[in-house]
Amino acid sequence: MADETRGAQGDAFDPPPVALSGRNLPVTPEHPIVVEDLTTAFGEHVIHQGLSLTVNRGEILGVVGGSGTGKSVLMRSIIGLQVPEEGSITVLGRSITDAQDDDDIDIRSRWGVLFQGGALFSTLTVGENVEVPLKEFYPEIGDTLRREIARYKVMLSGLPEDAANKYPSELSGGMRKRAGLARALALDPELLFLDEPTAGLDPIGASAFDRLTKELQETLGLTVFLITHDLDTLYEICDRVAVLADRKVIAVGTIPELLAMDHPWIQEYFNGPRGRAARDSRDRAERSDANRGS
Amino acid sequence: MRQLAEYTLREEGGARTVALSGPLTVAGVGWLDAELRKVAGPIETVDLSGVTAIDTVGAWIAWRLARDCGGEITGESEEARRLIEAVSPSENEAPVAAPRAELVERVPEAVGDLVVGLAQGSVGVVAFLGSILLGAWQIIRSPSRFRGKAVVRQLELVGVSALGIIGLMSFLVGIVIAQQGAVQLEQFGAEVYTVNLTGRLAMRELGVLMTAIMVAGRSGSAFAAQLGTMKLTEEVDAMRTIGVSPVEALVIPRVIATVVMMPLLGFYAAVLAIIGGAFISELALGLPFMTFLLRIQEVVPIKDLWVGLIKAPFFGLIIALAGCYQGMQVKANAEEVGLRTTQAVVQAIFMVIVLDAFFAVFFTKIGWG
Chain A
1 MADETRGAQG DAFDPPPVAL SGRNLPVTPE HPIVVEDLTT AFGEHVIHQG
51 LSLTVNRGEI LGVVGGSGTG KSVLMRSIIG LQVPEEGSIT VLGRSITDAQ
101 DDDDIDIRSR WGVLFQGGAL FSTLTVGENV EVPLKEFYPE IGDTLRREIA
151 RYKVMLSGLP EDAANKYPSE LSGGMRKRAG LARALALDPE LLFLDEPTAG
201 LDPIGASAFD RLTKELQETL GLTVFLITHD LDTLYEICDR VAVLADRKVI
251 AVGTIPELLA MDHPWIQEYF NGPRGRAARD SRDRAERSDA NRGS
Chain B
1001 MRQLAEYTLR EEGGARTVAL SGPLTVAGVG WLDAELRKVA GPIETVDLSG
1051 VTAIDTVGAW IAWRLARDCG GEITGESEEA RRLIEAVSPS ENEAPVAAPR
1101 AELVERVPEA VGDLVVGLAQ GSVGVVAFLG SILLGAWQII RSPSRFRGKA
1151 VVRQLELVGV SALGIIGLMS FLVGIVIAQQ GAVQLEQFGA EVYTVNLTGR
1201 LAMRELGVLM TAIMVAGRSG SAFAAQLGTM KLTEEVDAMR TIGVSPVEAL
1251 VIPRVIATVV MMPLLGFYAA VLAIIGGAFI SELALGLPFM TFLLRIQEVV
1301 PIKDLWVGLI KAPFFGLIIA LAGCYQGMQV KANAEEVGLR TTQAVVQAIF
1351 MVIVLDAFFA VFFTKIGWG
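As you go down the protein sequences, you meet chains A and B in turn. Okay, so the first sequence: first residue is 1 according to my numbering, each after it adds one. Okay, so the second sequence: first residue is 1001 according to my numbering, each after it adds one.
Looking at chain B on its own, in the form it has when it is part of the complex (with noise of 0.2 Å):
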């Protein structure tokens, strides 16, 4: 049990004094200060005597009411006075959070940022962009400035160990797909479409659009953040020091091994989507699994893979944009650093869906339907 200071008010012949008694330490003044508060008028002199142990919380305490109630501090002790002392030339005006105004200012001047924010960022990310094209003039002027090594190390992380999770996934939503779509055209008796729709949809759309979400979960987050602790700890400002360029060393690789991963884990997701169709008609639809495989070859028309493999690219490009630029506008502190890697992978992911949708429409209207 914590042992709590308490207080007296004692008035004689008008002289009003208030005796603290108790450990005046900060384990036991939480109570003690709010009844103080209450305390009004003035006070003549405020008691010390009875204190058993002070800190400078109490000290302050103490100070604070002989301040407020004009009174005079008595029967301290040697430490008392001390701390009193210590404590005595704070002002205590400046208020301790950052200000902050009225709401009737801060809702317009947020709606303000939002769309003063929203115009620099639009500028940040074609200037962001161009900063890459210009990296990119750089070295092919120079070849020698070109980081294989980096490069290759980027290929491997946003590559080579995805390929499990992304292979797993593809394979589960290959049966997904085969799976429901076998219940629905049963109605029809056409059971047999199983083959195209899963073959198709695969191809064109799944395998590449649910990469580019996996990729951008596991890379595009990984490269703001990273990005967005190197700028922290001022390693980005090490290198131009050093007259290495952050956007060669640390962008250029990263965009260079999405893109270039991209159409490959596609391709391999719609693989896998379909291996993982062809297993499930061979379990639960009676399509044995070899003539699965060698219909799809009849019926996915190699546009399919073409319209797969052309977006690819481009998705991966959106992927390394968003991370790279939201990890080098990190600033302040640690919290923006997980802001800016969230932002990174929402707008990744949504812009990648927006081009699928122009995708969809432009490769039906040149008749790649």
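Just chain A, same shape as in the assembly (with noise of 0.2 Å):
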């Protein structure tokens, strides 16, 4: 499966006019992310050695992997906050590992990040978290038409729209996680990055902030590299999934598709009790749905 995603690295550099999406300035590539044989490390301690991975255009991504796998120092790389040992990484068409300070400003502008806790900043509202971005990167956008913006992506993240003058210390942790989400939207990106965004909500808001990264994902046409613990979220929603283990990717698939494999993470971790109920959960709601259609 690794070599696959590999051999389809050729025309990542060479992007076909994007159909029907508007957004041809700049343009999506064919793979937003790539990862040629990366290796990081701390001292020590070898988090990842010759891993690959390709994620493409309008999909969305799950990365799962046991707990120290470095997903998240995956995520990090990608995004230019870790430096790795060796390999390149490719994001939006551009060299992140390669890239020096200044280039990084226009790629940054491109993409949305999700942190595990929100990141927010917590002496400014809600709204103003939003607006931070759009400062820094188009001052000359005006203080109405600015405002205007924060509290729609307010509302598009699911918030209510008085949630925009209040301060994150007075949202509750699901609150948080939506108004994380409102900042990475800021810019209207193309690729989104959620790092375990349904970690610690209810079921039922997991469920909901599931169903709003799909919705957004098909609104907006984002890619959107999720790392997430929560089976749920991967049968809702992943297009495809990655598995992270022995310091390397060693599966992308479809769940069907990883289903089929025989490595015993992969076997233990979808077949294990919490996989059957969320297989079983998922296949309930699609004869729901088939009942209701007939």
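Check the hints yourself; a few may be wrong.
Taking lysine to aspartate or glutamate and the EDC-like style, the derived pairs with C-alpha atoms no more than 20 Å apart in a straight line are [as the list claims (entries may be wrong)]:
#1 Lys1038/B to Glu1006/B
#2 Lys71/A to Glu36/A
#3 Lys1331/B to Glu170/A
#4 Lys1365/B to Glu1205/B
#5 Lys214/A to Asp246/A
#6 Lys166/A to Glu1335/B
#7 Lys214/A to Glu1079/B
#8 Lys214/A to Asp232/A
#9 Lys214/A to Glu1085/B
#10 Lys214/A to Glu286/A
#11 Lys1038/B to Asp143/A
#12 Lys1038/B to Glu140/A
#13 Lys214/A to Glu59/A
#14 Lys166/A to Glu1336/B
#15 Lys1331/B to Asp1113/B
#16 Lys214/A to Glu1234/B
Please keep in mind that the hints were generated in silico from the structure rather than gathered at the bench.
Dock chain to chain to rebuild the complex, using the hints, since each chain is given by itself in its own frame.
This is the structure in structure tokens:
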């Protein structure tokens, strides 16, 4: 499976014009994220070795793996927060590993990141948090428009609009995640990184967040890189799933494809009691949809 | 060069049409928005057929224009329609900034807050002192709760690791006093009294005072920042739920360490200041190093040593109290940690100097001048 994705990297730098989506300036490449032979280490402790991963445009890629397999480190490497020992990372057609600080600016306005805890600026209101990237990248936007943008982004992320003038400390955990999402969406990014978005949410809140992610992905034409432990999220919204184990991506594919593999970790993950429960609930949902349709 | 969105205003038989063209995206609409807000009067149609790219910001601008001018959107692409649908439920009435009162209300409110804050602060400090005494009483009743390791750790942080910087500072201060004192005393032909000046000043005042300032800056600030961050990350709450009293585990070891270390550091600083003075007198004043030290024994009364040593624990108590109290007051956010840390240092140094003035008068009155 890993070989297959690597084979597709040849045309990563020659993007065809985007059909339908009018966003032809700048164009989202066919493979917005291409990671090749990545090696990361903290001192002696090697996290990734020879890791390769390609993300397709317009998909929601779920990234799973046991605790400590370096899912968050992979995300931090891709967005340039963690400098790898070896290997190359190309995001939106630009090399992250060779980038100088100045080159990064442009590319940073084209992705949004939701950190695990939300990472909202605690001294600013939610609305002001959303305004920060707008101010930073597009200072020519007037105050009124910027405020309006902040408010509809807050609305898009599923918060009541009056949450815009609340401080992060006044919000619940789930609302803080949504506020973080609003800030990640501030610049209408092409790429969205979500680090365990549903961790710590109640099941209803988590599934609402999943639906929101899917909706936004469809409406805004996003490519989503989603780290999760939540099997329901994988079944509900992920187009493909990448499995991290043994310091590399051992498999990428749809869940049925993964289930067909006999890697012990994958089998245990998807066929364990929680995996089966998630699959059953998914099947039930599909059956009831089908019944309603007929 | 960034491509910008443009607009044209057409008028056909009284029906006005605004045609938007170019990339209607967040990168290209800053100028367009400002211009469009100037367009007054009703508009029949907002034509999007010339739009090459659109995102939610562009969709919002088109939709707002149509809403405010009572027009209709035409010629939009499939994507544009989807985006407009997504942003249109926004009512956009809530302000983004936290509500802010008028100046006439804000000023009295700020003054009132300050007064109330001051009163509550005083009560708070007393309550904090009370909780420390209570904690100390608990420890005395059941000494097994005394956290020896934490105290030793704090003794090291407050005392041992400060030796270098405090020593260097005192040594240099000693040099300055001896050298500057000698310059002035020379005018009366009394250079020999440089020894008295340096020795008595170092023992009574400077050793302890400079040490207090240094400890407030090093350890008082660290206490406030540590405890403040622990409050933010809910570590303090976690301790309480486990049944560990934060006062016993965090505050008392720090208070004990500072109270114990201050006299030792103060004495050490005084000695280093005298050595500094002796050093410069050998180099610049022609008074040999050993002679300077031997003279110290004769001219500095033992009372001066006691004056310095008695003050030191009180200064230490003030520094530790200010640091721990401010740290435990942190509630909301990261900015508050910084603010409280600053306050801890400023309050500690201010209170130390005020107390020092009282001590100076007190010791003179009881004849230890």
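Against the structure, the hints come out as follows:
no., hint, result
1, Lys1038/B to Glu1006/B, "holds, 14 Å"
2, Lys71/A to Glu36/A, "holds, 16 Å"
3, Lys1331/B to Glu170/A, "holds, 12 Å"
4, Lys1365/B to Glu1205/B, "holds, 16 Å"
5, Lys214/A to Asp246/A, "violated, 30 Å"
6, Lys166/A to Glu1335/B, "holds, 16 Å"
7, Lys214/A to Glu1079/B, "holds, 16 Å"
8, Lys214/A to Asp232/A, "holds, 13 Å"
9, Lys214/A to Glu1085/B, "holds, 16 Å"
10, Lys214/A to Glu286/A, "holds, 17 Å"
11, Lys1038/B to Asp143/A, "holds, 15 Å"
12, Lys1038/B to Glu140/A, "holds, 17 Å"
13, Lys214/A to Glu59/A, "holds, 10 Å"
14, Lys166/A to Glu1336/B, "holds, 17 Å"
15, Lys1331/B to Asp1113/B, "holds, 17 Å"
16, Lys214/A to Glu1234/B, "violated, 33 Å"
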